[in-house]
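Enquirer: On the provided structure of chain G, position chain S as indicated by the hints.
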Amino acid sequence: MSLKKTISSLKLPHYKSTAGMAAVRMAVPKEVLLPMNMHSGQAAEPVVEAGQHVTVGQLIAREEGRNSAPVHASVSGTVKAIEPYAVGGRKTTAIRIESDGKMEKCPDLKIPAPTNLDEFLQCVRESGVVGLGGAAFPVWAKLAAAQKSHIQTVLINGAECEPFITSDHRVMLEHGDLIEKGIALLKQFLGSEEYIIGIEKNKPDAIEALTERFRDDPAVKVMPLDSVYPQGAKQVLLYNATGKVVGPGQRLASLGVIIINVTSLVKTAEYFTTGMPLVERIVTVEGSAVKEPKNLIVPIGCSIRDLVEACGGLKEEPGKIIYGGAMMGKTVDTLDASVLKATNAVVIMNRRDAEKTKASPCIHCGRCVAVCPLGLNPTAFARAMELEDEAARAALLQKEQVSLCMECGCCSYVCPAHRPLAENNSAARRFIRGWETAQKEKAKEGGK
Amino acid sequence: MDNKPVMAAGPHIHSADSSRRIMLDVILALLPASIAAVVLFGPRAAAMICVCVAAAVVSEFLFNLIAKREQSVGDLSAVVTGLLLALNLSTGVPLWQCALGSVFAIVLVKCAFGGMGHNFANPAITARVFLLMAFTSTVAGGAAPRMVDAVSSATPLGLIGTEGAALPTLGQMFLGLRGGAVGEGCILALLVGFGYLLVRRVISWQIPVIFMGTVFVCFLVSSGSFTVALYELLAGGLVLGAVFMATDYTTTPITAEGRMLFALGCGLITFVIRRFCALPEGVSYSILCMNILAPWLEKWTRRKPLGGV
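Chains G and S supply the protein sequences, listed in that same order. For the first sequence, counting from 1, position 49 maps to 49 in our numbering; every step adds exactly one. For the second sequence, counting from 1, position 22 maps to 22 in our numbering; every step adds exactly one.
For reference, chain G alone in the conformation it holds in the complex:
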């Protein structure tokens, strides 16, 4: 074996108190509100009308446009309204379904039986499964890379490096059979030779269980990874598990590799087992304001308020509500926000934890540079963003390659001056995207 350096970035406190808690099914909520943009691409198009009766698993919105995904009813009942939805800056429409409490299954559901790759992809497409680790990129679109070139290695991401979240951990413990089924499907239709399940060492039980399960399968390798953040990030996981690096503008698939979140794989496999599309998922509910943190199995589209009630309510007034983990999670300002397909956790902090420390001047300590898993220099981005001249700003940002930043937040976490480096990085990325588009348009006009 060659000596391989691994990227080890940041040791974080884990806050994974829910790791030992088996997922419990939440009581059926009174209603669900299903936004049309629970995936990364274009919003889905509703195909039901107010007043219509729907059943669990029934298609209520169809895929529309690029990287879109269909939406299915997660409870049985009556469509009450198709209304505007604008929570946490996500403006779209949403379908509100009043539950009849019966959780009646859609009678039209069939267990899919594809015979080739194209049929398999079509089925995955209809399952509505998207990247459930947070990215929300449609799974079929990811797997479709196999149509163009051979995928040799499938990296199954069970790192779960974000503090607080344990939903992938629970899935790995409770659904080993579906992981096996998922891998069998990929073997059959993608024909990949190698399957690596990357799991952080802070989940020894999951590592043990899956190692045992795949003991006799030489194609599957369970790989224990150091518990460092951001171990589950694409570039980091790829490098630490395979030693490969995706270059600028390069696609992962061109290296013969795809990365799929473990829960996404399980939900895909579930569709091929029961015929039930993605309508429910495990959500970790944690944070200093939550009375009894839990892992819950909930219908997609239920409200955060429903989760809170199932967790014994709140101990304190919520200071901050976070979708996802404490590092990259996005905030919302209301408990009425819906659980989305990619909502792996909801962290509710009390007011004290939500308080922001005032930033002081940069002392040039270099911790952000030392901690960046990609080796970028956040202070250079900060310097660039202070430049008035936009051309000079763009030049410096391009030279420092801000577009590589994956906004993992390590730099902000370690900054002793509490400077909002990650926030600045994302502003810089937005600026450079806008700038480059504008330059291209200018060049086009000039060419005419």
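Treat the hints as calculated values from the structure; they're not laboratory data. Note that CB positions come from ideal geometry on N, CA and C, so glycine has one too. Just to be clear, a hint being listed does not mean it is correct.
[Claimed, not checked] Example chain S residues on the side facing chain G (calculated, C-beta under 10 Å, incomplete):
hint, residue
1, 6
2, 10
3, 112
4, 134
5, 213
6, 248
7, 251
8, 272
9, 303
10, 304
Expert: Just chain S now, with coordinates in the frame of chain G:
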């Protein structure tokens, strides 16, 4: 106040570190050397420390007041600058010159360039060099500690190479029983501080070890004598400079590789000055020179990002 939950960009947790805590750690790390200074040089050293620190803090306070800048004395960096300056001066320097040095360091070197994090050179070192030039007779002369007889009062650095001169033993050198600046002599105390900074992860070992190692190796090669090399290591302000001044964040490169080159440069310049020039200020000048080179070192040592070009 609005009672809605806050909306904010991630990350939503933060390490327990702060700039103020780092400065406090540096002060704590300088405590053994400060105590040693007072033990060795008496109340006079205590007076110098008080005057330098007070002058540094008051001048920063007044500067911010007059320039209508946000008050920054709370970050404790002025305390560090004052303390470092005091430890870098000998008891022959009148107190008013000590105070002047602090004012120079804070107002001209630090605040005039925009305050903490914006100065291009280390304030304490720049102030020491300024005092040396302005008041050569008092600053260059090294007064002896209380318990050392007059014979070994001259700074050992000036005596190495002079045949028959009464040099302090290596043991005396290690404990600080020799002339020089009040805080530079007691190597034991400085190493305790170094250890503390390492444990608290305020600095990493590279700069001090490479800096001191370079000086040691250069003298070992040029003189062929282990004893001479060891003397050079313990003499002058090398340990104090390498541990506390060459590791100043603001005036060193931000990259790890850059910092190593920085330390190597400091070591080489110190060697050249000590070996070939008639100057007693090898450490101060070397750090000052490398401070100016730091931005370039930072440029030259830029890493290729993972997945980048």
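Enquirer: Against each hint, give a clear statement of whether it holds in the structure.
Expert: Evaluation of the provided hints:
1. 6: 5 Å, holds
2. 10: Constraint on residue 10 of chain S satisfied, holds at 5 Å.
3. 112: Nearest chain G Cβ about 15 Å off; hint violated.
4. 134: Check failed: Cβ of residue 134 of chain S comes no nearer than 29 Å to chain G, outside 10 Å.
5. 213: Violated: closest Cβ of chain G sits about 21 Å from residue 213 of chain S, beyond 10 Å.
6. 248: This interface hint holds because 9 Å falls under the 10 Å limit.
7. 251: This hint holds: residue 251 of chain S lies near chain G, its Cβ roughly 8 Å from the closest one there, short of 10 Å.
8. 272: Violated. Min distance 27 Å.
9. 303: The hint holds - residue 303 of chain S has a Cβ within 10 Å of chain G, the shortest such distance being about 4 Å.
10. 304: This hint holds: residue 304 of chain S lies near chain G, its Cβ roughly 7 Å from the closest one there, short of 10 Å.
Figure legend: structure checked against the earlier numbered hints; hints not met, in rising order: 3, 4, 5, 8.
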